[in-house]
Amino acid sequence: MNDEPLVRWDWIARNWDNGGPSAIRTLLESHVVMALLPVVFGLLVALPLGVACARWRWLYQPTAGLMNVVYSLPSLVLFSIFLSVTGLTQSTVIIPLTLFTLAILIPAVVDGLRSVPEHVRQSAVAMGFRPLRRLLQVELPVAVPVVLGGLRVATVSSISLVSVGALIGQGGLGNLFIDGWQRQFPTPIVVGIVLIVLFAVLSDGLLVLAQRLLTPWSRARRSAA
Amino acid sequence: MITFEGVTKRYPDGTVAVDDLSLKAPTGAITVFVGPSGCGKTTSLRMINRMIDATSGRILLDDQDVRAIDPPTLRRGIGYVIQQAGLFPHRKIVDNVATVPYLLGWDKKKARARAMELLELVGLDSKLAGRYPFQLSGGQQQRVGVARALAADPPVLLMDEPFSAVDPIVRASLQDELLHLQSELHKTIVFVTHDIDEAIKLGDTVAVLRVGGRLAQMADPATLLSEPADDFVREFLGKDRGIRRLSFVPATGVRLGSAPTDLEVDEDTRPLGWRSNGGLLPYGTFNPERDSLRAALDAALLSPNGTAIAVDGDGRVIGVATRDALDEALTRQGTSPGERVSEPDREVPASDTRRAES
Chain A
6 MNDEPLVRWD WIARNWDNGG PSAIRTLLES HVVMALLPVV FGLLVALPLG
56 VACARWRWLY QPTAGLMNVV YSLPSLVLFS IFLSVTGLTQ STVIIPLTLF
106 TLAILIPAVV DGLRSVPEHV RQSAVAMGFR PLRRLLQVEL PVAVPVVLGG
156 LRVATVSSIS LVSVGALIGQ GGLGNLFIDG WQRQFPTPIV VGIVLIVLFA
206 VLSDGLLVLA QRLLTPWSRA RRSAA
Chain B
3 MITFEGVTKR YPDGTVAVDD LSLKAPTGAI TVFVGPSGCG KTTSLRMINR
53 MIDATSGRIL LDDQDVRAID PPTLRRGIGY VIQQAGLFPH RKIVDNVATV
103 PYLLGWDKKK ARARAMELLE LVGLDSKLAG RYPFQLSGGQ QQRVGVARAL
153 AADPPVLLMD EPFSAVDPIV RASLQDELLH LQSELHKTIV FVTHDIDEAI
203 KLGDTVAVLR VGGRLAQMAD PATLLSEPAD DFVREFLGKD RGIRRLSFVP
253 ATGVRLGSAP TDLEVDEDTR PLGWRSNGGL LPYGTFNPER DSLRAALDAA
303 LLSPNGTAIA VDGDGRVIGV ATRDALDEAL TRQGTSPGER VSEPDREVPA
353 SDTRRAES
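Heads up: the sequence lines are chains A and B, in that order. So in my numbering the end of the first sequence lands on 230, straight run, no missing numbers. So in my numbering the end of the second sequence lands on 360, straight run, no missing numbers.
Keep in mind that the hints are not guaranteed to be accurate.
Calculated Cβ distances over 12 Å to all of chain A for the following chain B residues [to be verified]: (1) Leu62; (2) Asp72; (3) Leu76; (4) Ile80; (5) Val83; (6) Lys112; (7) Lys129; (8) Ala154; (9) Asp162; (10) Arg173; (11) Glu186; (12) Asp197; (13) Ile245; (14) Ser260; (15) Gly315; (16) Glu330.
Pair ranges (Cβ atoms, derived) [said to hold, decoys possible]: (17) Val45/A - Glu119/B: 53 to 59 Å; (18) Thr17/B - Arg119/A: 21 to 27 Å; (19) Asp55/B - Leu219/A: 33 to 39 Å; (20) Thr17/B - Leu218/A: 34 to 40 Å; (21) Glu123/A - Asp155/B: 45 to 51 Å; (22) Val50/A - Glu122/B: 28 to 34 Å; (23) Ser24/B - Leu64/A: 40 to 46 Å; (24) Trp63/A - Leu181/B: 32 to 38 Å; (25) Val45/A - Met118/B: 36 to 42 Å; (26) Leu64/A - Glu122/B: 57 to 63 Å; (27) Val206/A - Thr57/B: 58 to 64 Å.
Reference listing, derived: stretches of chain A covered by chain B, where coverage requires no fewer than 3 residues with Cβ under 8 Å from a Cβ of chain B [said to hold, decoys possible]: (28) 31 to 42; (29) 98 to 112.
Please keep in mind that the hints were generated in silico from the structure rather than gathered at the bench. Think of the CB as a built atom: it goes at the ideal place given N, C-alpha and C, for glycine as much as any other residue.
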């Protein structure tokens, strides 16, 4: 690597969209899919599960315990387990990452619902809300800031973990790292890092923006406090 | 009319929160449940709108057993004001107030128009309608809470220590406004508090509850002060019962003399002070048509010469009450302890003198 410059722009230009499976653009697209689908699936599953855990307290401890066990497993171990089921496909990355997302989002939903002040819940009951409407119109909206906080962590962690999938050939931009190490060629590594960081920063920024638009009452409350 | 018939609430662990409570909260009047913590006053209140269900006994709303009504439907017909206001933090003030109309399926425009009316009724600036609850002071939030409870014009209003989380000055003004609203709206109000002074100020009827959820005494405030049923009630009422009771005795019977020459008045015959060689001395006034004997006595105590100045509604001097005249009124009062005051005088005794001095 002695005379090799850190970044060779001509390599980037040639490989950005070369039509093959290792084109940078293709890798970026698969990275986006493999990182964001688990967050979407995770949120869809975590909302009902979190609501159930908040309502039936006995359900929460075992669920949280199981999720913590899953979260403590190295991602590579999970990928290997699913490799035997789903083979060398994107699902082998998406399913484990969905589980990781759940481990972050279920507690976030539960904490969010618990953050609803008791007097707010009581007054909703006293006004004559039925349980489902109370959940949808009062409790979940008030829980949004806490849930979005969990969603930000889950999103960034998912974006970073996709790269590990490179070890089974499904790592999105992570594949660039393998390529770079094998060939002692730094350009792909730098491109991979920069794109992953940009993707993470952009996603997080969009979530912050969403939070401000969705919960003007919460942002203002924090600055007033 | 809300009727409790032998209502008991026993929890699974054996705790009895309310024990065989029977009472009537009359239509169009304020009934206050007061007592120390653990006396079951909030539990009793919440059994009315079925936030808690009674273990035995019945609660009738007019003639209907509340247990026969589906709880959400029942609750939409009963206004409820909670201690910390319980406003929804994510909804603007106007939408908070319109909560029950929305639940009842009113269209948004009509519900919001109604909410704006109510904000005005409780004395809130319409500019606050678009704000979020955290942007309001505690007193303003509590007013919104009252507006929200009144939004669908329910005949019954339940108030659970609504003013106990605000400072004393704001509390006093919220209490005065509640009385003012009630004089126009004539709701059937059940009001829970641990503050006996608040109970006496607001209640047409006061139910004193003791720990363990038993009714110690139920009476109008004047009777409560003059004839406490037992030591518990006497102790709970606290000091100065005699003086406080005078708040419920009108000052109409006080004999008035003509104004002495050392009372300085302006061209409209409003009092300016007592002449003395060093200038004008302070004075106190009362309005015999409106104020209580307590206010008259207070006015006398504020004047160095012990003479209270009687004024009319416009603040013009109509006479004076000497110590002797007040003494006669007090003596008459003392000889008829059981006398009922049909229309309790609710003026804050100090307010009139304060205004006159300013």
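Status of the stated non-contact between Glu330/B and chain A (beta carbon gap over 12 Å): 51 Å, holds
Does Glu186/B sit more than 12 Å from chain A, CB to CB? 23 Å, holds
8 Å C-beta criterion, at least three residues: is the segment 98 to 112 of chain A covered by chain B: violated (count 0)
Status of the given 33 to 39 Å range, CB of Leu219/A versus CB of Asp55/B: Roughly 37 Å apart at Cβ, these two residues keep to the hinted range, so it holds.
Closest CB of chain A to the CB of Ser260/B still more than 12 Å away: It holds; Ser260/B is separated from chain A by about 58 Å at its closest Cβ, greater than 12 Å.
Assessment of proposed distance window 36 to 42 Å (beta carbons of Val45/A, Met118/B): Since Val45/A and Met118/B have Cβ atoms about 41 Å apart, the given range 36 to 42 Å holds.
Is Ile245/B truly not at the interface, in the sense that its beta carbon sits beyond 12 Å from all beta carbons of chain A? 37 Å, holds
When you look at the beta carbon of Asp197/B, is every beta carbon of chain A farther off than 12 Å? 19 Å, holds
Beyond 12 Å from every chain A Cβ - status for Gly315/B: The assertion about Gly315/B holds, with a minimum of 41 Å to chain A.
Between Val45/A and Glu119/B, does the C-beta distance stay in 53 to 59 Å? Since the Cβ atoms of Val45/A and Glu119/B sit about 44 Å apart, the hinted range of 53 to 59 Å is violated.
With respect to the beta-carbon atoms only, verify the hint that Thr17/B and Leu218/A lie 34 to 40 Å apart. At roughly 48 Å between Cβ atoms, Leu218/A and Thr17/B fall outside 34 to 40 Å, so the hint is violated.
Can the segment 31 to 42 of chain A be counted as covered by chain B under the rule of three residues or more with Cβ-Cβ separation shorter than 8 Å? violated (count 0)
Taken one by one, the earlier hints fail for this structure at numbers 2, 3, 4, 5, 8, 9, 17, 20, 21, 22, 24, 26, 28 and 29, listed in ascending order.
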